[in-house]
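Trainee: Generate coordinates for the entire structure from the input sequences, incorporating the hints supplied.
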Amino acid sequence: MRRLSHTSHPGHAADEPRGFEKPVGMRDYLPEAVRKLRLIEERVGRLFGLWGYDEVMTPTLEYDETVGGASSTLNHKQFKLLDKHGNTLVLRPDMTTPIARVVASVLRHEPLPLRLSYCAHIFRAQENEAGRSAEFKQMGVELIGDASPDGDAEMLALAIESLKVCSVEPFQLAIGHVGFLNAFLRHCIGDDKAIEQLKSYLNDYDYVGYREAVAQLSLGGDAKRRLNELLAWRGGKALLQERMAEAASVEEREALDHLRKVWEALDVYGVTPFVTLDLSMIGKMNYYTGIYFEGYAEDHGFPLLSGGRYDALLARFGRSAAAVGFQLKVDRVLDVSPLTEDQKEHVLIVYDPSERFEALRSARKWRQKGRRVTMQVGSELEKADVEKLSERYDEVVCVEGGSGGDG
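As numbered in this note's numbering, residues 1 to 407 make up the sequence shown, in order.
Simulated from the structure, these hints should not be mistaken for laboratory data. In this text, a Cβ means the ideal position worked out from N, Cα and C, and glycines have one as well. Keep in mind that a hint or two might mislead.
[Unchecked claim] No farther apart than 25 Å at their CA atoms in a straight line, the calculated lysine-lysine pairs in the PhoX-like style are these: (1) Lys77 with Lys164; (2) Lys193 with Lys77; (3) Lys344 with Lys369; (4) Lys193 with Lys284; (5) Lys237 with Lys261.
[What the hints assert, rightly or not] Here are the computed distance ranges between Cβ atoms for each label pair: (6) Lys224 with Thr88: 44 to 52 Å; (7) Pro23 with Arg372: 27 to 35 Å; (8) Gln343 with Asn286: 43 to 51 Å; (9) Val250 with Pro111: 28 to 36 Å.
Mentor: Laid out in structure tokens, this is it:
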């Protein structure tokens, strides 16, 4: 199998020369990977545009006191540096927070709703965690100013289409609701510290730790039973009806009713076969307030995309507005997508400087016909090099004595 890229991992001895090593979590992309990456970006970017989303670009560096402080990425996971004036800057740890800043400042006079998209590199320090990238690419969309179930359904349907255009199959989206989960846990427990502990286990998908923590709570048997049953609350529309019948609070019922309306809209989109409800889900970013979802390919444990509703984030920048979005983790899609680019026929022209004019004339004609042409002066090549190089090309042409052909 051809290597597409290489990610650095911990294990470098402090007293050894670094040589060709990269910082932990950084990744090289080889030509084949770059071609595939650009194809994914092109397809997904075109899709976002067709759905009415306008692309924005934000700085790689932001002020720590604004974007860094508002981001849900933990402080020790952020790359920080000082500018020459002593201001603390941060390499953007996510794109949702910078877009919230843009909407509340540069676009503050634009009427809502706004539909924005992006394609950007994200940076997060990984503290020697093998297999985790410290720099990675995301593509995503944000719908600002629409709190309706239809807004959520649009986001979910677009997420599904994003995986489709990348030829990822089979895949499934799991949907939860942070508002429901918080209301359910508050009703069962009422202890904020215990709630945060259980949410931490759910966040890490550590169901063994979750059950052990539930067992240690000073609660009645019925409350513990319901807390353990939460892990099995997965399914389709029927699950919502079952949970609605047993909902113990207004907040739970409102969240379930919202999910019901989202499901009905998804049914019209025709995408419910790609969707599963999972009421134990909670996003890693603490700004989520409503639906939360993740998209998985079969036999891959890491989500290819994630997103949800974050209705309180923009208020931190002075413009209160409902919002929902998702981010496609392009590096992970790169590893699972079977997409390949249709390669143009590639010709290598080996020439002597005395035949430069003829070589350039031939190259120009082939390029006008859409063929890739590489020119290489022959004096820089050994015979063995020519034989090895020929494996990269569909055709090798040597321009000698005024020959070269027209292709």
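Trainee: Does Lys344 pair with Lys369 here, judged by a C-alpha cut-off of 25 Å?
Mentor: Measuring from Cα to Cα gives roughly 10 Å; hence the hint holds.
Trainee: Check the hint pairing Lys193 with Lys77 against an upper bound of 25 Å on the C-alpha distance.
Mentor: Status holds; Cα separation ~23 Å.
Trainee: Holds or violated: the 43 to 51 Å window for the beta-carbon distance between Gln343 and Asn286?
Mentor: Holds - the Cβ-Cβ distance for Gln343 and Asn286, about 45 Å, lies within 43 to 51 Å.
Trainee: Starting from Lys193, check that the Cα of Lys284 is at most 25 Å away, please.
Mentor: holds, 17 Å
Trainee: Lys237 and Lys261 were given as a pair; does the straight-line alpha-carbon distance stay at or below 25 Å?
Mentor: holds, 10 Å
Trainee: Given the hint of 44 to 52 Å, check if Lys224 and Thr88 actually sit that far apart at their C-beta atoms.
Mentor: With Cβ atoms ~46 Å apart, the hint holds.
Trainee: Between Val250 and Pro111, does the C-beta distance stay in 28 to 36 Å?
Mentor: holds, 32 Å
Trainee: Given the hinted pair Lys77 and Lys164, is their Cα-Cα distance within 25 Å?
Mentor: violated, 32 Å
Trainee: Return holds or violated for the Cβ distance of Pro23 and Arg372 against the range 27 to 35 Å.
Mentor: Holds: the Cβ-Cβ distance is about 34 Å, inside 27 to 35 Å.
In terms of the numbered hints stated before, the structure departs from hint 1 and from no other.
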